[in-house]
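The listed protein sequences correspond, in order, to chains Z and D.
Each residue of the first sequence is one higher than the one before, counting from 747 in this note's numbering.
Each residue of the second sequence is one higher than the one before, counting from 13 in this note's numbering.
The set of hints was computed from the structure by calculation and includes no laboratory data.
All clues given are correct.
Computed cross-link-like contacts, BS3-like style, restricted to lysine-lysine with a CA-CA straight-line distance of at most 25 angstroms: (1) Lys818/Z with Lys282/D; (2) Lys818/Z with Lys237/D; (3) Lys229/D with Lys817/Z; (4) Lys229/D with Lys818/Z; (5) Lys430/D with Lys29/D.
Distance ranges between label pairs, derived from CB positions: (6) Ile898/Z with Pro134/D: 30 to 38 angstroms; (7) Gly249/D with Ala852/Z: 55 to 63 angstroms; (8) Asn804/Z with Asp170/D: 43 to 51 angstroms; (9) Ile898/Z with Asp85/D: 32 to 40 angstroms; (10) Ile861/Z with Tyr119/D: 33 to 41 angstroms; (11) Asn804/Z with Pro79/D: 30 to 38 angstroms; (12) Thr886/Z with Met393/D: 52 to 60 angstroms; (13) Gly123/D with Asp876/Z: 30 to 38 angstroms; (14) Asp44/D with Asn804/Z: 42 to 50 angstroms; (15) Asn804/Z with Lys111/D: 18 to 26 angstroms.
Every beta carbon over 10 angstroms from chain D, so not counted as near; a handful from chain Z, in silico: (16) Met763; (17) Trp767; (18) Thr800; (19) Leu836; (20) Thr849; (21) Ala852; (22) Cys858; (23) Thr863; (24) Thr874; (25) Gly884; (26) Gln889; (27) Ile890; (28) Ile898.
Glycine included, C-beta positions come from ideal geometry on N, C-alpha and C.
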Amino acid sequence: MTIPATTSLPVTLAEAMEFAWYEADLLDHAIYDEWLAQWTADALYIVPIEPGTTDFENSLNYAYDDHGMRKKRVERLLNGQSISASPVALTVRSLSRFRLLQTDEASCELRCAQIITEYRRGRERTYTGDVTYRLVRGSTGLQIARKVVWLINSTEALGGIGYIL
Amino acid sequence: MTSLAELSTTPDDLIRKDRVRTPLYTDPAIFDAEMTKIFRNTWVWVAHVSEIPNNGDFKMAQVGLEPVIVVRDRKGKVHVHLNRCRHRGATLCEVRKGKTSSLVCPYHGWGYSLDGKLRGVPYENGYDEKTLDRNELSLKSLRVEEYNGLIFATFRDDIEPLADFLGPAKKWIDLFMKQGGGYPVKTLGEHKFRFPGNWKIQLENTTDAYHFPLVHKSFLTAVDKETEQQLDMLNNGGFVEDLGNGHSVMVMIPELIDLDDNLEAPIPEKFADLAKELAAEGYSDLEVRRMVRAVGGSGFNINLFPNVACSMAFFRVLQPVSVNETEIRHIAIGMDGGPAAANRARIRLHEFFQGPMGFGSPDDAEVWDRVQHGAQGGDEMWIMLNRGFPKEESLPDGRHRSDVSAETGMRAAYDQWKRMMTV
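Looking at chain D on its own, in the form it has when it is part of the complex (with noise of 0.2 angstroms):
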């Protein structure tokens, strides 16, 4: 295994407190110290429990490089499982959702139950006990742990627990799913891309208001006045907190951050239509107004090192592919057993921003790819995450605050890195 010392003649050579070195993307040795320290050392993300609601439901996905499976077995309990046959390797699964009885190696029709052990082999008079004991054989399954709907997986029997990991993040993704507008929140599909950048370009973007303005300037021209206001994100009293362990709150629209506040309060022009067709549903008038605010989104994103976001209205999960190149998906979520007036409405926000085709995704994309790119030019030249770094707040528990352009977020996000890729 490749410690940071030996990439490096010391850490501090690549990563100070504020600004780190170009060899953070571009170093083939530090993205594969990367998976094996930090990846395979923490709580990754791998999916929301309503991906896979009944028993038998599972989706594909991976913990840094190692593709898993994610199934919720016949007495309901999730397992992660690493997709990968005990016999000769091969996946067992290459089916992106679906539902199944049970888990069958194509190569030779080892076949597991959904807890992941191993219930059948072919021909099983050539093996004698001594070659196949069957009990040592059950799928390699990961430790698996929930906090209000986020699914996280780990490699480790000996790390916290998750609800230690996320710490103060835990109130933030409560409020984060009160978009459910009362009900609970529901996946609704995702968009896919990818870009040819490092992993970590993407984790700061998410905590990262200093360039929504200009990145995001054609986006901004074609929603409404209001909504332009509302999003002039620089200007509206936000912040940006270290929760701790790498995570990070960016609010960028206070009003925004308790769902359930300012009901009263009168209904934006862009969702006058929603309400209406809602009040003819038969909803009251705190429901509409409830449901309409949910419709909206928060005005936060949280930050979850090392790999997925809850950003303003719906997850947003990385996925390093190799050192210069990364998977971003974009889930959207909505209202389960909400109206479908509320649900359609979030999902056309949804197409507007995000996604390969999106008016802001592109342009994110675009960016990062810039990043990566300049990065070719050398590392004798620092990154810098220095801003709002003189002026931020100490907290009583040493966590930091600044303003909401501030790259606190980032500096969190380095921290958590430095302390893992040391070990």
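Just chain Z, with the same shape it has in the complex (with noise of 0.2 angstroms):
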């Protein structure tokens, strides 16, 4: 990433779809390290079910990780023990319609929207859903304080997903 980590200015859309995108990539093909290395240490990973949720702590989501949680989420899809995720879906996610909610210098909002196609075992599906995103300054440039994938059929039954949204 080439984002200077000081600057007077508010984050752009620029450097906060150029992060969002960055993330993405990292997750489709499966560097989970640097992904693991993107978050702030007390960010929330968060896929609600309910729409309008804001209540997360309190109500049931599909997932709601923390640091320790992305950890083994992550370990669950590389250790092979999991045969859900043995082998592992392959991904490709499109982010697109960026919008910056909120800006400073500090940090931003940013939505978009996501499709993901899963390809698993001859079965193409997807799952598609906005994806807000809390970005904040750190030392080394963008980092996630929070990320909530809201997805368009969240109140519906879904297949499983052997993966990270």
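Given two chains presented individually in distinct reference frames, assemble the corresponding complex, making use of the accompanying hints.
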């Protein structure tokens, strides 16, 4: 990443987009160590169920991961013990329709559309949703303070999702 | 109506005491017959009381393939109506859950009160008394009965009361509900997922401890040592017991049968912070111990034929969709009025294992998918249900009991299946 770590300018849409694509590329290409390093220590990765939920902590989600859970999720994808992740699904995610909902020198709130196509054992499936990122400037560049994946069909029956959305 | 005899040469060709044949998973005619002979002829779970706590609350559900509305009327009585207008048959409701004062068909505006009576018909002068007798056009309602918060419905007015149908399972349901930790049990949301396989593959799984250490190896790797030891369920002295009428209980962690017992036992390390938090909120030592023990859930699964399991710490509901497609709901439960910290802990535990992104359910879904895929390989091979069969202990009332990894619960379910399908 070449995004400057310190600047007195607000985070731009271009910086935020570049970061979100970078994260998507890490996940699609299973570069998990680098992916884990992109989060702040207290960051949360959340996949909610009910649209419009704001109190994620007290709600049932599909995923509500702190650093420890993200590490475990990665470990599960790599250790070969999970039959639903052996082989792990191949994914290609497409992010677009980016919009900065808020920005200042230290952080921004980015919203975008995400379409993931998954391929595994002869089946192709698609999960579509909005992603909202809270990105903060750390000493080495932007970092994820919170990522929320709002699937458009979150209240319907999903298939097993043996990878990270 | 297709009888079992028409589906095969004899019932014994499809289903024996310790094995079943593959068409049970793959034959659309068998599936059609099941929807009629089983799901229209027994008690089917539709809701937990906490899903519709107030008058006017409703939720959509299904009894077999038939869409129903579970609704609490103005007087607090629970009804289960077919979700179908008496005029042209359109569904009245396509909202999963909510609150309403009436049920109105969006097509021509026929309106029903919550108890199912037809109240309003727009432009009524197009009908005369002979063609529109309101008293005969109430919503079709099913018989409804409740046991310890579990609401069941049936199309049959002449079958046994729910309490008799549940029989020995009632004792286990009462034990299961102790995970309210002194509060009533309340649903906290649900995970839903589908797998491309027959509904009976899921029915079998809830009473299958044999698969746990293998299929859930990656989950067991992710939990702490203490939990891993507790979940070493094949070596903990557990058992499976046939509870009659197709029901069974599988006890995986015997020390967690009665959550009111052993309250003096040390608090597990993983709940130490929770215990501190609850103590700081002012709960007594006994209350804290009781709640913490409840947060971990019960040590058993109750399989209630045909569509629901009270499964350790949640309700697991199966919904047949077609012969090779099934929807599963994992309904999280917690303490109604209990401390938020305790409910949060239960939610986090639920998220850890259950649902499409849990560390357990996707692996279950994968092996069920493989059972269905393998079943495409022809119907000449039997599916074995004989584990623990020779060593099964007979109980005085004709029921059976065996070690925790035995397929006793599956045999109980298929006994009931055969009884109902042979009629």
